[in-house]
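Visitor: Residue numbers (the numbering used here), protein chains in the order written: chain A, 5 to 183; chain B, 15 to 294.
Read the hints as simulated data drawn from the structure, not as lab findings.
Check each hint, because a few of them may be wrong.
As the list claims (entries may be wrong) - With a cut-off of at most 30 Å between alpha-carbon atoms, the simulated DSS-like pairs for lysine-lysine come out as follows:
hint : chain 1 : residue 1 : chain 2 : residue 2
1    : A       : 141       : B       : 123
2    : A       : 141       : B       : 30
3    : A       : 122       : A       : 23
4    : B       : 60        : A       : 6
5    : A       : 9         : B       : 60
6    : B       : 123       : A       : 43
Stated by the list, open to error - Ranges between beta-carbon positions, derived for each pair:
hint : chain 1 : residue 1 : chain 2 : residue 2 : range
7    : A       : 111       : B       : 141       : 25 to 35 Å
8    : A       : 112       : B       : 187       : 13 to 23 Å
9    : A       : 76        : B       : 44        : 31 to 41 Å
10   : B       : 23        : A       : 53        : 49 to 59 Å
11   : B       : 23        : A       : 52        : 27 to 37 Å
12   : B       : 141       : A       : 91        : 20 to 30 Å
13   : B       : 272       : A       : 43        : 34 to 44 Å
14   : A       : 98        : B       : 293       : 54 to 64 Å
15   : B       : 232       : A       : 91        : 25 to 35 Å
16   : A       : 23        : B       : 247       : 25 to 35 Å
17   : B       : 176       : A       : 91        : 28 to 38 Å
18   : B       : 129       : A       : 50        : 14 to 24 Å
19   : B       : 106       : A       : 43        : 27 to 37 Å
20   : A       : 76        : B       : 210       : 37 to 47 Å
As the list claims (entries may be wrong) - Quick look at which bits of chain A chain B covers, simulated, 3 or more residues with Cβ under 8 Å:
hint : segment
21   : 66 to 72
22   : 77 to 86
All C-beta atoms, glycine included, are put in the ideal place defined by N, C-alpha and C.
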Amino acid sequence: MKAKKLTTPLTQGKALSLKAGDRVLLSGTVYTARDQAHKRMTETLIEGRDLTFIPPGATIYYAGPAPARPGRPIGSCGPTTSARMDAFAPALMAAGVRGMIGKGERGGNVVDAIKTFKGVYFAAAGGAGALLARRVKSARVVAYEDLGPEAVRELVVDDLPLIVAIDAHGNNLFERKKR
Amino acid sequence: MIRTVDAAKVSDTVAKLCVEANFKAPKDVVDALARALRAERSPLGKDILRTLRENIRIAAADKVAMCQDTGMAVVFLEVGQDLHVAGGALAKAVNAGVRKGYAEGYLRKSVVDPLTRANTGDNTPAIIHTEIVPGRLLRITVAPKGFGSENMSAIRMFNPTVSRDQVEEFVVGCVRDAGARPCPPTVVGVGIGGTFEHAALLAKKALLVPLGEKQARADLAAVERSLLAKINALGIGPGGLGGATTALAVRALAHPTHIAGLPVAVNICCHALRHASAVL
Numbered sequence: 005m006k007a008k009k010l011t012t013p014l015t016q017g018k019a020l021s022l023k024a025g026d027r028v029l030l031s032g033t034v035y036t037a038r039d040q041a042h043k044r045m046t047e048t049l050i051e052g053r054d055l056t057f058i059p060p061g062a063t064i065y066y067a068g069p070a071p072a073r074p075g076r077p078i079g080s081c082g083p084t085t086s087a088r089m090d091a092f093a094p095a096l097m098a099a100g101v102r103g104m105i106g107k108g109e110r111g112g113n114v115v116d117a118i119k120t121f122k123g124v125y126f127a128a129a130g131g132a133g134a135l136l137a138r139r140v141k142s143a144r145v146v147a148y149e150d151l152g153p154e155a156v157r158e159l160v161v162d163d164l165p166l167i168v169a170i171d172a173h174g175n176n177l178f179e180r181k182k183r
Numbered sequence: 015m016i017r018t019v020d021a022a023k024v025s026d027t028v029a030k031l032c033v034e035a036n037f038k039a040p041k042d043v044v045d046a047l048a049r050a051l052r053a054e055r056s057p058l059g060k061d062i063l064r065t066l067r068e069n070i071r072i073a074a075a076d077k078v079a080m081c082q083d084t085g086m087a088v089v090f091l092e093v094g095q096d097l098h099v100a101g102g103a104l105a106k107a108v109n110a111g112v113r114k115g116y117a118e119g120y121l122r123k124s125v126v127d128p129l130t131r132a133n134t135g136d137n138t139p140a141i142i143h144t145e146i147v148p149g150r151l152l153r154i155t156v157a158p159k160g161f162g163s164e165n166m167s168a169i170r171m172f173n174p175t176v177s178r179d180q181v182e183e184f185v186v187g188c189v190r191d192a193g194a195r196p197c198p199p200t201v202v203g204v205g206i207g208g209t210f211e212h213a214a215l216l217a218k219k220a221l222l223v224p225l226g227e228k229q230a231r232a233d234l235a236a237v238e239r240s241l242l243a244k245i246n247a248l249g250i251g252p253g254g255l256g257g258a259t260t261a262l263a264v265r266a267l268a269h270p271t272h273i274a275g276l277p278v279a280v281n282i283c284c285h286a287l288r289h290a291s292a293v294l
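In isolation and in its complexed conformation, chain A is listed as follows:
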């Protein structure tokens, strides 16, 4: 099966066109965020403030990249375990996040939120950080610089290879494959 080309920002229409199992090459802008950034972003939302650095329809990449060598945009840049962000993901989707990239299963609350907000969860190949780094064209910190590798970075990506794992219709690749 040939990979579908997809560009950010993700719209509801684009999300609804994706099916669990689809191979996707994603181009555009994604935002790295992992554990501590999720905690802070959620606290900001609870306080009733907006997340100014993440535009509507944004895709979050659960990743904490390795530092870049001089002349390169980024170091090794693969996905981290998505399940650790499950508690925070629905609130972020309610605030406008539409796509998530990571590795591994999601909880029922996230599957429900993906259906409700017409989002999508992509699986990237866990452990393929060197390969995925080649698809990152630029990177800059946009929030929480003090978190070091856990800071929120805006990445411009070109043909990032992903698999649709949970689609907006509620199909879940991990559920189907489970015995």
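Starting from the known structure of chain A, fit chain B onto it as the hints suggest.
Guide: Frame of chain A, contents of chain B only:
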């Protein structure tokens, strides 16, 4: 005759090993992935295995770490009892090496204070396991451990009357619960016996046994075979996307234990099984 090794030499060696372990997959791992790709039937599973093999090639070509989680540095030292380390404390020298290796290799600094979560900034301190052995040599093994897989580890203190099936179900259950989180295909290290902390150390050391090496104990080899078959029947597959390759191998180590119990520890490692050794 006491032999002397300079602490600076220890630091330089540790630094080199940190970089090597993160950039270069061991040959036994490369071979195991090739075998898995030949055997795997799931299309998405084959895709992931191909991607992982390509990733190993790119990491070496681009001088980029195979995985962005360049781990907490676990360092095993086998110190000959007729060896003297001069010019500084051994643990300090090891940590200086980790600091140097993680800076020079552009490796991620992932170590934080457990309470404040403040990053130490240089990936120290390393976790150092020191063993005094006969001889005049110093063997250093650096095994950077990522926490996607480390988080999926477990230990249980069984009753001594437990059946082998129950023990195996515990190990298989750990892998089942871990699902796609530890980046399957994994290597599953199992420590059987000893005490609470020794079983955990055995499980970690089991991950350092070369994949092709024959298990010395026939009964333990049978446990490894049985566990691998059960784990690969779970259907989790590469990347958790389905398939027959959930684990590349199960490696077990055993140690005598107490009449009242049976500690069993499971330490899961991702496919890359990063480690590098040198002898000084």
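Visitor: If a hint holds in the structure, say so; if it doesn't, say that too.
Guide: The hints, checked one at a time:
1. 141(A) - 123(B): holds, 22 Å
2. 141(A) - 30(B): holds, 29 Å
3. 122(A) - 23(A): Distance of about 12 Å is within 30 Å: holds.
4. 60(B) - 6(A): holds, 15 Å
5. 9(A) - 60(B): holds, 21 Å
6. 123(B) - 43(A): Satisfied, since the Cα-Cα distance of roughly 20 Å is no more than 30 Å.
7. 111(A) - 141(B): 25 to 35 Å: holds, 31 Å
8. 112(A) - 187(B): 13 to 23 Å: Holds - the Cβ-Cβ distance for residue 112(A) and residue 187(B), about 21 Å, lies within 13 to 23 Å.
9. 76(A) - 44(B): 31 to 41 Å: Distance hint for residue 76(A), residue 44(B) is violated at roughly 25 Å.
10. 23(B) - 53(A): 49 to 59 Å: Hint holds: Cβ distance 54 Å, inside 49 to 59 Å.
11. 23(B) - 52(A): 27 to 37 Å: violated, 58 Å
12. 141(B) - 91(A): 20 to 30 Å: holds, 28 Å
13. 272(B) - 43(A): 34 to 44 Å: holds, 42 Å
14. 98(A) - 293(B): 54 to 64 Å: Cβ of residue 98(A) to Cβ of residue 293(B): about 57 Å, so the range 54 to 64 Å holds.
15. 232(B) - 91(A): 25 to 35 Å: violated, 47 Å
16. 23(A) - 247(B): 25 to 35 Å: holds, 28 Å
17. 176(B) - 91(A): 28 to 38 Å: holds, 35 Å
18. 129(B) - 50(A): 14 to 24 Å: holds, 23 Å
19. 106(B) - 43(A): 27 to 37 Å: The hinted range 27 to 37 Å holds for residue 106(B) and residue 43(A), with Cβ atoms some 34 Å apart.
20. 76(A) - 210(B): 37 to 47 Å: Taking Cβ atoms as reference, residue 76(A) and residue 210(B) lie about 44 Å apart, which means the hint holds.
21. 66 to 72: Contact hint for the segment 66 to 72 of chain A vs chain B: holds, 6 residues under 8 Å.
22. 77 to 86: holds (count 6)
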